[in-house]
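Can you build the whole structure from these sequences, using the hints too?
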Amino acid sequence: MIFTVIIPLILACFVPLLSKIKEKIHTGIFVFFIPFIIFLYFIQFIGSDFSPIAKTYKWIPSLGINLNFYLDGLSLLFVLLISGIGALVVLYSIYYLDKTERLGHFYVYLLMFMAAMLGVVLSDNVFVLYTFWELTSISSFLLIGYWHFNERSRYGALKSMLITIFGGLSMFGGFVLLSVVTGTTSIQSMIEQKDVILNSTYLPLILGFILLGAFTKSAQFPFHIWLPDAMEAPTPVSAYLHSATMVKAGLFLVARFSPIFSSYEWFFIIVSLAGIVTLCWGSYMAVRQTDLKAILAFSTISQLGMIMAMLGFGTKVAVFAAVFHILNHATFKGSLFMVAGIVDHETGTRDIRKLGGLVTFMPITATLALFGTFSMAGIPLPFLNGFYSKELFFESSLDLEGATTFASVLAQVIPYLAVFGSIFTFVYSIYLLFGTFAGKKHLDLLPKKPHEAPIGMLLSPFILVLGVVLIGLFPNLVNGTFLAHAAEAIKGAEIDQHIAFWHGFNTPLKMTLIVVGLGFLLVLTRKKWAGAYRVLPGKLSLNKLYDYILEKLDIVSQKVTQSYMTGSLRLYVAIILGVTLVVTFIVMLVTDGFNIQFDNLADVTIIEVSVVAIMIVAALATILAKNNVSAILILGVVGYGVAILFVLYRAPDLALTQLVIETVTVVLFLLCFRHMPKLRKRNETSGTKIVNIVISVGFGALMTLIGISAHSSKWFESISNYFIETSLKLGGGHNIVNVILVDMRGFDTLFEITVLGIAALAIFSLIKLKRGAK
Amino acid sequence: MYKPNDLILRTTTSVIAFILLGFAVYLLLAGHNSPGGGFVGGLMTASAIVLMYMSYGMEAVKKILPINFRTLIPIGLLIAVSTGIGSFVFNVPFLSHTFGHFTLPILGEVELATAMLFDMGVYVTVLGVTMTIILTIANDR
Chain A
1 MIFTVIIPLI
11 LACFVPLLSK
21 IKEKIHTGIF
31 VFFIPFIIFL
41 YFIQFIGSDF
51 SPIAKTYKWI
61 PSLGINLNFY
71 LDGLSLLFVL
81 LISGIGALVV
91 LYSIYYLDKT
101 ERLGHFYVYL
111 LMFMAAMLGV
121 VLSDNVFVLY
131 TFWELTSISS
141 FLLIGYWHFN
151 ERSRYGALKS
161 MLITIFGGLS
171 MFGGFVLLSV
181 VTGTTSIQSM
191 IEQKDVILNS
201 TYLPLILGFI
211 LLGAFTKSAQ
221 FPFHIWLPDA
231 MEAPTPVSAY
241 LHSATMVKAG
251 LFLVARFSPI
261 FSSYEWFFII
271 VSLAGIVTLC
281 WGSYMAVRQT
291 DLKAILAFST
301 ISQLGMIMAM
311 LGFGTKVAVF
321 AAVFHILNHA
331 TFKGSLFMVA
341 GIVDHETGTR
351 DIRKLGGLVT
361 FMPITATLAL
371 FGTFSMAGIP
381 LPFLNGFYSK
391 ELFFESSLDL
401 EGATTFASVL
411 AQVIPYLAVF
421 GSIFTFVYSI
431 YLLFGTFAGK
441 KHLDLLPKKP
451 HEAPIGMLLS
461 PFILVLGVVL
471 IGLFPNLVNG
481 TFLAHAAEAI
491 KGAEIDQHIA
501 FWHGFNTPLK
511 MTLIVVGLGF
521 LLVLTRKKWA
531 GAYRVLPGKL
541 SLNKLYDYIL
551 EKLDIVSQKV
561 TQSYMTGSLR
571 LYVAIILGVT
581 LVVTFIVMLV
591 TDGFNIQFDN
601 LADVTIIEVS
611 VVAIMIVAAL
621 ATILAKNNVS
631 AILILGVVGY
641 GVAILFVLYR
651 APDLALTQLV
661 IETVTVVLFL
671 LCFRHMPKLR
681 KRNETSGTKI
691 VNIVISVGFG
701 ALMTLIGISA
711 HSSKWFESIS
721 NYFIETSLKL
731 GGGHNIVNVI
741 LVDMRGFDTL
751 FEITVLGIAA
761 LAIFSLIKLK
771 RGAK
Chain B
775 MYKPNDLILR
785 TTTSVIAFIL
795 LGFAVYLLLA
805 GHNSPGGGFV
815 GGLMTASAIV
825 LMYMSYGMEA
835 VKKILPINFR
845 TLIPIGLLIA
855 VSTGIGSFVF
865 NVPFLSHTFG
875 HFTLPILGEV
885 ELATAMLFDM
895 GVYVTVLGVT
905 MTIILTIAND
915 R
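Protein chains in written order, with this note's numbering: chain A, 1 to 774; chain B, 775 to 915.
Possibly wrong hints are sitting among the right ones.
Calculated pairs, DSS-like style, for lysine-lysine (alpha carbon to alpha carbon, straight line, at most 30 Å) [unchecked claim]:
hint, chain 1, residue 1, chain 2, residue 2
1, B, K836, A, K449
2, B, K837, A, K678
3, A, K99, A, K24
4, B, K837, A, K768
5, B, K837, A, K770
Not the full set, but computed from the structure, chain B residues with beta-carbon under 8 Å of chain A [unchecked claim]:
hint, residue
6, L803
7, G805
8, G811
9, M818
10, F873
11, T877
12, A887
13, A889
14, T899
15, G902
16, A912
A few chain A residues that face chain B, going by a derived Cβ cut-off under 10 Å, partial list only [to be verified]:
hint, residue
17, A655
18, I661
19, H675
20, L730
21, H734
22, F747
23, T754
Simulated from the structure, these hints should not be mistaken for lab results. Ideal Cβ positions, reconstructed from N, Cα and C, are used throughout, including at glycine.
Encoded structure:
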C-alpha cells in the first residue's frame with residue numbers, strides 16, 4: 001500500500017528528465033500511467049466482503065510516529081477518487097496544456113499533490129496525516145501560482161496558502177492535544193479510546209482546532225474566500241484540486257474523526273451550522289458570478305457545505321448520503337470544470353456575458369454540460385446521480401432532533417435552509433447551462449471562432465458524465481460493494497441503505513418539486529430580483545476583510561517596529577537598562593531578595609571616606625563637564641581614586657595595574673579625542689531628560705541594593721582559604737594573586753590575553769584599512 | 775626653521791628609560807612572590823618605550839628597536855599556549871604547572887616555576903598589544 005504514496009513522489013523526480021523530450025511526446029502521456037495504475041490497484045478492493053487493511057512502516061518509532069497506513073471503506077472511496085480523477089485530469093491536461101508550457105513543473109507539482117493526497121487519506125497516524133496535509137497545501141500553492149507571471153495567480157496562491165496553512169497549523173494543535181490525551185498517535189486507537197477524549201477537559205479545544213483545519217481546507221464559510229481566487233490556476237488543476245480532491249480533504253477529516261465526536265452535541269451544532277450556512281451562501285453567491293469558473297467555485301463551496309452539513313447530522317441516512325454525494329459531486333463537478341476549460345480553450349473567454357448559443361458550435365460539450373448541470377441541480381430524472389443524493393439530503397434533514405434548545409431550534413430550521421440553498425443551486429445550474437450554450441450568439445465578442453474541442457479533450461469529461469449516468473441508472477451498483485463500507489467507517493455501524501428513484505410521494509419529493517418550481521420561477525425572473533445582491537452582500541465582503549487584515553498587519557507591524565527601532569543608541573540603552581531595572585526589581589521583590597543587614601561590616605576610616613568623597617565629586621563633575629577633554633581628565637580622577645582604594649584594601653597588584661591602565665586609557669582617550677568633534681548640547685525634551693534621570697538613578701540604586709543584599713546574605717564559606725593555604729605548597733609562589741592568575745586559573749588569563757591581542761589587531765585593521773587606504 | 779631644544783628631556787629619558795625597563799623586568803620576574811607579574815611588567819616596558827618614542831621620535835627608536843610590535847602578539851600567545859600544551863608531554867591536564875628549586879652557577883639557589891614561562895607569554899602579548907594600539911593611533915594622520 002505504501003508504494004501508491006511513494007511511487008508518485010519518486011517518479012516526480014524523473015518528470016523533469018522526461019520533459020526534455022516534450023517536443024516529441026507530451027510529458028503528460030508518461031505521467032498518465034501513474035494514477036491509472038494506482039487506480040487499477042485499488043479497484044481490486046471493491047467488493048461486498050471488504051475488510052480494513054492496516055500496514056505499518058517505521059519512520060520515527062521513538063516518537064510513536066510511523067507510516068501507519070489504514071485502508072478502510074472511507075479511504076478506499078477517496079483513493080479511488082484521487083487516482084481515478086487524477087488519471088482523467090492528466091489525460092485532459094495533455095490536450096489542454098500546450099507543449100510550450102513548463103510541463104515539467106506542472107506534472108511534478110501534480111504528482112506531488114497526488115501523493116500527498118493519497119497520504120492524507122491513507123494515514124492512520126495523526127502526525128503523518130498532518131505531514132501530508134501540509135504537502136497538499138504547498139503543492140496546491142505551487143499549482144495555483146503556476147502562471148506566476150500573472151498577478152492574480154500570485155494573489156490567489158498566497159491567499160489559499162495563508163488560509164489553509166492557518167487551518168493546518170491549528171489542526172496540528174488539535175492533533176497534539178489528542179495524542180497527549182489518549183497517549184497514542186494512531187487514529188484507530190483514538191477511536192477506541194473515544195470515552196477518554198469525550199471526558200477530557202480539552203474536548204472543546206480539540207474539536208475547535210480540528211474543525212478549523214477541516215473548514216479552512218474545505219472552504220467552509222467564512223474561510224471559503226480562497227477558493228474563488230484559486231480559479232486562476234490552469235483548469236485541470238481547478239477540476240482536480242478544487243472540486244474533486246483537496247477541498248474534500250476537510251470532509252475526509254471530519255468524516256474520519258466523526259466516530260469520536262459524533263455523540264458530542266457541539267459537533268452536530270458547529271458542523272451542521274457551518275455546512276448549511278456555506279450551502280446557502282455559496283449557492284446564493286454563485287448566481288451572481290459572471291465567470292464560468294467562479295460560478296463553479298461558488299457551486300463547489302455550496303456543495304461542500306451540503307456534504308459537511310450531512311456529516312454534521314450524523315444519522316445513518318445522512319452519513320450515507322454524504323458519502324454518496326462525495327462520489328457524485330466528484331463526477332459531475334469534475335466534468336463541469338473540464339467543460340468550462342473546453343469553452344475557455346475554444347472561445348478564448350470564460351465570461352458568461354460574452355458567451356451564448358454555443359450549442360450549434362459545440363454540441364458534444366453542450367450535451368456533457370447538460371448532464372453535469374442537471375445532475376448538480378438535482379433534477380428528478382432517473383439517469384442523474386445528483387438527484388438521489390439530494391433526495392437523501394432532504395430526507396436526512398427532516399428527522400433531526402437536538403438535545404439542547406439551540407440544537408433543536410437548529411434542527412427545525414435546517415430543512416428550510418436546505419430547500420433555500422437548493423433553489424439557488426438550481427438557479428445557477430440552469431443559468432450556467434443556458435447562459436453558455438443557449439440564447440443569442442455574440443460571435444463578435446469572442447476572441448476566437450468557436451469550434452468543437454478535440455476528441456482527447458472531450459474524453460475525460462465524457463467518462464465522468466458516463467459515471468453520472470451509470471450511477472444514476474443503477475444506483476445500487478455502487479451501494480453495497482463500495483459506499484456502504486465507507487459509510488460504515490464513518491458511522492461505526494453497519495448501514496444498509498437502499499437507493500430507489502421512486503420512493504413514494506413523500507416529503508423529500510415534495511421539497512424537490514418546490515425547488516424545481518421556485519427555481520424555474522427565479523430563473524425566468526432573474527433580471528427583476530438581481531438587485532438583491534446590491535443589498536445583501538452589497539459592500540460587505542469577506543475578501544475586503546481579508547485584504548484589510550493583511551494590509552493592517554503590514555502597517556501595524558511596521559509602525560510597532562518603527563516605534564522602538566529608531567536607530568538611536570540612546571533609546572536602545574534606555575530600553576535595555578529600563579527593562580533590566582523593572583524586571584530585576586520585580587524579581588527581587590517577589591522572591592524577597594532584598595536583604596539589608598549592617599552587622600559584620602568593617603570600620604570606616606577617614607582616609608576611605610575622603611577618597612570616596614573625592615571620587616563622588618569627580619563622578620558628578622564628569623557628568624556636568626562641558627567639553628570632552630575635561631570630562632576625560634576628571635574621569636581619570638575617579639580611576640586613580642579606585643587605585644588608592646585598592647591600596648587601602650591591600651591589593652597591590654590591582655593598584656599597580658589600575659594605575660598603569662588608567663594612565664594608558666587617559667592617554668588613548670586624549671589621542672582619540674584629537675579627531676573627535678566637540679561635545680554638543682543635546683536638544684532633548686525635559687520629559688526624555690526626566691526619564692533618563694529616573695532610569696539611571698533607579699539603576700544605580702538597584703545595583704547598590706543588590707550589592708548590599710549580596711553582602712548581607714552569604715550562604716557558603718568562601719573558597720579563598722584554599723588558595724591561601726595552597727599557594728606556596730602547590731604553586732610555589734608567595735604572591736597569591738599571581739599564582740591564581742597564571743597557575744590555578746591560568747585558563748582565564750590565556751583567553752584574556754587573547755582578547756587583548758584581538759583588540760589590538762582590530763584597532764590596527766580598523767585604522768589601517770579605513771576607506772581610501774591601500 | 776625653529777626647532778625646540780629638548781636636551782633635558784632626552785638626557786633624562788636615556789637614564790629613566792633604563793630604570794623603567796629594569797623595573798619592568800623586576801616586576802615580571804618577581805611576580806610570583808611579590809606584587810607584579812607579566813601584565814604590569816608588560817605595561818611598564820611599554821611605557822618605557824613610549825617615553826623613548828616621545829623624546830627621540832619615530833626614526834631613532836625604530837633604529838634602536840627594530841621590532842614589529844604586532845608580531846609580538848602571536849609570539850606571546852604562542853608562548854602561553856605552548857606552556858599549556860607542554861603539560862601534555864608529562865601526561866597531565868592542560869596548563870598544569872610545576873616548580874622546583876635549582877642551584878645555578880652565578881645566582882645560587884633559585885626557584886624556577888613553569889608558571890613563569892606562562893607569565894612570559896602574558897608579558898610579551900601585553901607589550902605587543904599596548905605598543906600596537908598606541909603606535910597605530912598615534913601614527914594615524
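Right, here's what the structure says about each hint:
Annotation: proposed proximity of K836 of chain B to K449 of chain A is violated, straight-line Cα distance about 93 Å (limit 30 Å). Between the alpha carbons of K837 of chain B and K678 of chain A the distance comes to roughly 38 Å, so the proposed pair goes past 30 Å and is violated. Of the pairs offered as hints, the one joining K99 of chain A and K24 of chain A holds, with about 9 Å between alpha carbons and a cut-off of 30 Å not exceeded. Taking the CA atoms of K837 of chain B and K768 of chain A, the gap is about 23 Å. The hint holds against a cut of 30 Å.
Distance hint between K837 of chain B and K770 of chain A is fulfilled; the C-alpha atoms sit about 28 Å from each other, no more than 30 Å. Look at L803 of chain B: its Cβ only gets to about 11 Å from chain A, farther than 8 Å, so that hint breaks. Annotation: interface hint on G805 of chain B holds; nearest CB of chain A at approximately 5 Å, less than 8 Å. Evaluation of the G811 of chain B hint against chain A yields a held restraint, the C-beta minimum of about 5 Å falling below 8 Å.
This hint holds: M818 of chain B has a C-beta 7 Å from the nearest C-beta of chain A, less than the 8 Å allowed. Look at F873 of chain B: its Cβ gets to within about 3 Å of chain A, closer than 8 Å, so that hint holds up. Residue-level restraint check for T877 of chain B is violated (minimum Cβ-Cβ distance to chain A is 16 Å; threshold 8 Å). The interface hint given for A887 of chain B is met, as the beta carbon of that residue sits about 5 Å from the closest beta carbon of chain A, less than 8 Å.
Given hint, A889 of chain B at the interface with chain A, holds; its Cβ is 4 Å from that chain's nearest Cβ, closer than 8 Å. With a least beta-carbon distance of about 4 Å to chain A, the hint placing T899 of chain B at the interface is held under the 8 Å criterion. With 8 Å as the threshold, the beta carbon of G902 of chain B comes within range of chain A, its nearest partner Cβ sitting at about 7 Å, so the hint holds. Restraint check, A912 of chain B versus chain A: the minimum CB separation of about 6 Å is within 8 Å; hint holds.
For A655 of chain A, the shortest C-beta to C-beta distance to chain B is roughly 8 Å, which falls under 10 Å, so the interface hint holds. Look at I661 of chain A: its Cβ gets to within about 7 Å of chain B, closer than 10 Å, so that hint holds up. Using the Cβ-Cβ criterion of 10 Å, the hint placing H675 of chain A at the interface with chain B is satisfied: the shortest such distance is roughly 8 Å. With a cut of 10 Å, the hint placing L730 of chain A at the interface with chain B holds, because the nearest CB-to-CB distance is about 9 Å.
For H734 of chain A, the interface hint holds, the least distance from its beta-carbon to any beta-carbon of chain B being 4 Å, beneath 10 Å. Annotation: interface hint on F747 of chain A holds; nearest CB of chain B at approximately 6 Å, less than 10 Å. The interface hint given for T754 of chain A is met, as the beta carbon of that residue sits about 6 Å from the closest beta carbon of chain B, less than 10 Å.
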